[in-house]
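Number of protein chains: 4
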Amino acid sequence: MGRTHSNGYNRVSSFFPELAYRPILKAACSRNKERVEAFAAQWGYESTETDWKALIARDDIDAIDICTPNNLHAEIAIAAANAGKMILCEKPLSSTLGDANKMAAAIKKAGVKNTVWYNYRRVPAVTLAKQLIDSGKLGKIFHYRANFLQDWTISPDLPQGGEGLWRLDVDAAGSGVTGDLLAHCIDTALWLNGGIKDVSAVTEIFIKERLHQESGKVEKISIDDACIFHCHFANGSLGLFESTRYARGHKALYTFEINGEHASIRWDLHDMNRLEYFDHRDESIVRGWRSILVTDGDQPYMDKWWVPGLIIGYEHTFVHQVADFLKSLETEEDCAPTFKDALETQKVCAAVIESANSRSWMEIKDV
Amino acid sequence: MGRTHSNGYNRVSSFFPELAYRPILKAACSRNKERVEAFAAQWGYESTETDWKALIARDDIDAIDICTPNNLHAEIAIAAANAGKMILCEKPLSSTLGDANKMAAAIKKAGVKNTVWYNYRRVPAVTLAKQLIDSGKLGKIFHYRANFLQDWTISPDLPQGGEGLWRLDVDAAGSGVTGDLLAHCIDTALWLNGGIKDVSAVTEIFIKERLHQESGKVEKISIDDACIFHCHFANGSLGLFESTRYARGHKALYTFEINGEHASIRWDLHDMNRLEYFDHRDESIVRGWRSILVTDGDQPYMDKWWVPGLIIGYEHTFVHQVADFLKSLETEEDCAPTFKDALETQKVCAAVIESANSRSWMEIKDV
Amino acid sequence: MGRTHSNGYNRVSSFFPELAYRPILKAACSRNKERVEAFAAQWGYESTETDWKALIARDDIDAIDICTPNNLHAEIAIAAANAGKMILCEKPLSSTLGDANKMAAAIKKAGVKNTVWYNYRRVPAVTLAKQLIDSGKLGKIFHYRANFLQDWTISPDLPQGGEGLWRLDVDAAGSGVTGDLLAHCIDTALWLNGGIKDVSAVTEIFIKERLHQESGKVEKISIDDACIFHCHFANGSLGLFESTRYARGHKALYTFEINGEHASIRWDLHDMNRLEYFDHRDESIVRGWRSILVTDGDQPYMDKWWVPGLIIGYEHTFVHQVADFLKSLETEEDCAPTFKDALETQKVCAAVIESANSRSWMEIKDV
Amino acid sequence: MGRTHSNGYNRVSSFFPELAYRPILKAACSRNKERVEAFAAQWGYESTETDWKALIARDDIDAIDICTPNNLHAEIAIAAANAGKMILCEKPLSSTLGDANKMAAAIKKAGVKNTVWYNYRRVPAVTLAKQLIDSGKLGKIFHYRANFLQDWTISPDLPQGGEGLWRLDVDAAGSGVTGDLLAHCIDTALWLNGGIKDVSAVTEIFIKERLHQESGKVEKISIDDACIFHCHFANGSLGLFESTRYARGHKALYTFEINGEHASIRWDLHDMNRLEYFDHRDESIVRGWRSILVTDGDQPYMDKWWVPGLIIGYEHTFVHQVADFLKSLETEEDCAPTFKDALETQKVCAAVIESANSRSWMEIKDV
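Residue numbers (this note's numbering), protein chains in the order written: chain U, 1 to 367; chain A, 368 to 734; chain Y, 735 to 1101; chain C, 1102 to 1468.
Because the hints were derived from the structure by calculation, they are not lab data.
Glycine is no exception: its CB is placed at the ideal position from the N, C-alpha and C atoms.
Hints are supplied without guarantee of correctness; some may be wrong.
No farther apart than 30 angstroms at their CA atoms in a straight line, the calculated lysine-lysine pairs in the DSS-like style are these [what the hints assert, rightly or not]:
1) A/K584 <-> U/K208
2) Y/K1099 <-> Y/K847
3) U/K140 <-> A/K732
One side only, chain U facing chain A, incomplete, derived with CB under 8 angstroms [as the list claims (entries may be wrong)]:
4) F206
5) E242
6) R248
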């Protein structure tokens, strides 16, 4: 994720020239000296560090961006907050709910600007969905459903752990698809449709053991390969969520749909520049799902890019989040989702895993 | 449904001229004399009855086709079986699992040919899906998901009960979307992916009371407006099912998708002549979901219809079922789904409702 | 085509019970006695003839339906008209413009009810397109484009002539894709967008000779394998038409699109129950192409069929044309397209072929 | 276009770190001093010029990128070539064929590296199409069709000329949609399907006069609002091209399709990350158009971007062209399309306009 964030910092000022602040890439940090130097050269960082504590100790650093495996987020974020740094943290907030709580508390105490990289909120079509829902166009909501389907772990020969595969190692990741993929779906859902009251979940591990790249041994897999849950939202609607890495044919198929009394919306990441919209108030004989190509200047963020009809891609969402973060420095506004917002997602994820383990409904409560 | 069945009987011999048997429309039966006579004239029935017992008593009737509300299926079917008639029964088998058991037992005892109108098995694209799965193209199955989304009951002004609306009256229907819509999804799933072991469900009633057309009073709604469940299949795959009549923008959106180790399949009723197929064994640079227009003569049933590219519609599925039923009279084969098959679907439906009511997992067992 | 017409006659009264007239299948006629008897048995004709003149001579026959190869239409139609029979004729009207003129003149003189089976006008989505255009929703028209793409003649091993392949024999067919496929596109275009003033065309014969099934010899191919033309419509819009039997991957892909000042419409036969509609007057942020599933009771013909969401197929267009023809017997209205209308299409087809042959623009004039 | 090119230069080294050369943004040039300085600040240019001749005179400039209106390309390009600069020129090569010839001759004489920004060749899906065609997968080609549809000039209130609207002014643009949009289609076609032999075209001006922003008077429109042509390719296939700015509902709908004996390909810019592919050699019952999401590392350029399933956008095509241009500096290879290639496109455009004006077929010859 270091590449997407770096690209966001590098591009934001050309496309959002009106911003008062510009990011300066002071330092890149990673344990491997050779690799961090190559990375810094490639992306234009002024210096490098191999110890994150040294980075936090530096006076010339105003903000820390955390892209480590999930289980390392907490210590770094808390130290950075205590040092008064602004923090931009990869999602999910942490590998455990306990750590996530501590992180949110530390941030609150420090009072520093912060944001969590749930980048899909800033796909223009998704932001437009939020605007349409907030405008009341949908009316009372009955259903929300989302899934995130991938197929990259089907081969039993794929190992776990280590370079590029820490997501399959429960110690590093905390959970499997729940924290990696469903967390995105939940963040968007909480934003678009409000709080979740309770969940009933099932998880599955289809391939029970894999070679661990670090130990060199075949070890048990303890992360969830797939997770499904249904839930009640506080607004009375029913929710349905599914995620898996065993859906042959889908690479990164994040989709959601929301059905209201008057109108419905659906979206998917593979065709991320389109929003599908159905409005029952249209004249009956010409009523149908509209495929909205979200590339016009009056649609979110699109005045910054190209002429109508010309699409943008995945990494633009990070540019948007950088821009909004920088904007937040000019105002009293937060750049959502903050640690506080991300903690709510973490609570739902924790309840989902607990529900699956206990085969029972779990309520989402304050922790 | 009397129209679709009658159309099936009327058309089958022109399109399946090789069949040894031809249906003869001896009698139409309904309580309202005037209306049943109009119906008989319109569809070519030779005579009419207003009492189903009289119909069953007739010697010139070989087969009884049951299209009544669900709660009346059992008595008629059992009487017909006892009278040695062949039976074609609308789905679901009954409004209660208890009645469904009795029906299956009566049929078994009578040894008469029988079938239940889960017509979607005979959409050519769905039949093709079955052939592909049976051929082993998909490999080990990881996921099965299906939904059936409608939007016709969103208005609170819609009454319940009586003409055309018995599906909203729990006494006539037994359940709501579970028996009406999910039953279709479950029948297809059991056929394509084998038995279901256990379910965890949630149901919702969005509009709590409606004017009852027969009583003239506002009465409580007791059928499920929406139902979601996840489940384990016997083959180790996870299942996910959803149905609702509150999904604005969807009229009869029955969809399913099955993800296997090597290949995946998806289908939806709105575009019922297409089957989507993804095969991971395709050359990697040109791998993609294939949109198969199922209209060629080597695809199921399509040698009976038109030239490639020209589609068929909803009612053709009933013609196909009639043809297969007639064919079964020439052979020792059953015309699936039989009462025995439909009982399995009924068991899952009953477990789903019980799971939702008890907020707990329910196993599917022999009853 | 005898099957689709017969099915239309057989089904119309069940689905359009309000009509004053019902078709009676008095006789089927074909030169091969054995085959016409089998056909009559399969489709419910009361009798058979092997000589069309005998058929026309019968007093108990009110209407003649012509499904022969194109070059035989004229003689039969003129004789039938002279005998005072109503006529339903397959498209195109004839294999030559000269014959077509004589047919139209004979019909006019006889004053008999008549129609030509350009069946695609009666796809509900296409009829809806006509209504939307007539309502003024599109405003001034700028563009009309249509194509009809097939791929069934790509193999050089496919023979020409004789059973099932007279369409490749210039003597029987008159032209290739122009009369067979583009004629459909042109009929719809004239109906939706008015008269064509002039055309500039190109045709191609990709495979120059094929075995002739009747002569047993390899003979030159003289029909057009592919035809493209552009044109001016009388309303000032530009037209673009293409047809081929060499478009790998397309079975019967008839599509059209019309672009107006305010709105646009597109349709394709493979997904014939859908109409795509774009209205620029929609609120800008939610503007998009609407995919209208034309299955509601307030859309053309669909009150006759099933509940919303359930689709119909190719052959229903013939049922609709039979119904409209029967309805025309109750009124002073013609059942368009009549021979007079079909003559206009024939003029365009003739000009297209002449333009291609002369490599020059051709005007469409009265003949 | 200055923005897309500048973005290309700024991003290329982060995503293509293996390249031996890195672009340095030495100077931005535009007549308006204030604006060029703002532009330079926004995009990171080291200096500015307001006179292009001064720019060419500078020793520290190795390459000139031309983004002016079409009628200014020739003088600048020829001067730059004479000064030994490398040249990257916006398309079309020029506003007249005469100038284009002079430009190509000047470049040839100077022997400098050059490229023309027909950027759509470097959409990964389009590059993949080229690879598939070159591999022989399609077999003999029968048809090529392309269009480029927009709708931004429908309002008669839109003025012509001046800031942002020089494309409607014939003096600045040379032609309308032919040079602006069809030129893209033709460049791709020549690349994918080889040379064009002759063309037959029609053009239309729907709105005959518009206020000119510079003169302040209502003036005649002389550019083509719409252009359609058909043609013969040297390989025996038929071509069909259409472009317009009056196709309501389409923003930048560049599509092409190519039909071969064995396989077909289609693509459209609105969904530019997808390639549709049909292969007749697939097993018949599962044959269908494949929707290939071109985001995998083994597909062109995609190893440089994100994980499978995550898409890129319009401006990435310019990054790719910059990368390929830089790569060409390391090798003897040209970075196509060169001025020589672009001259071929210009010849076709000229023949198209001449054919439309003369209402006759025009051959494409060496000039």
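How the hints compare with the structure:
1. Only pairs whose Cα atoms come within 30 angstroms are accepted, and A/K584 paired with U/K208 is rejected, the gap being roughly 58 angstroms.
2. In summary, the hint linking Y/K1099 to Y/K847 is supported, as the alpha carbons are separated by about 26 angstroms, within the 30 angstroms threshold.
3. Between U/K140 and A/K732 the CA atoms are separated by roughly 39 angstroms; this puts the pair beyond 30 angstroms, and the hint is violated.
4. Hint status for U/F206: holds, given a least beta-carbon distance of 6 angstroms to chain A, under 8 angstroms.
5. With 8 angstroms as the threshold, the beta carbon of U/E242 comes within range of chain A, its nearest partner Cβ sitting at about 6 angstroms, so the hint holds.
6. The interface hint given for U/R248 holds, since its Cβ lies 4 angstroms from the closest Cβ of chain A, which is under the 8 angstroms cut-off.
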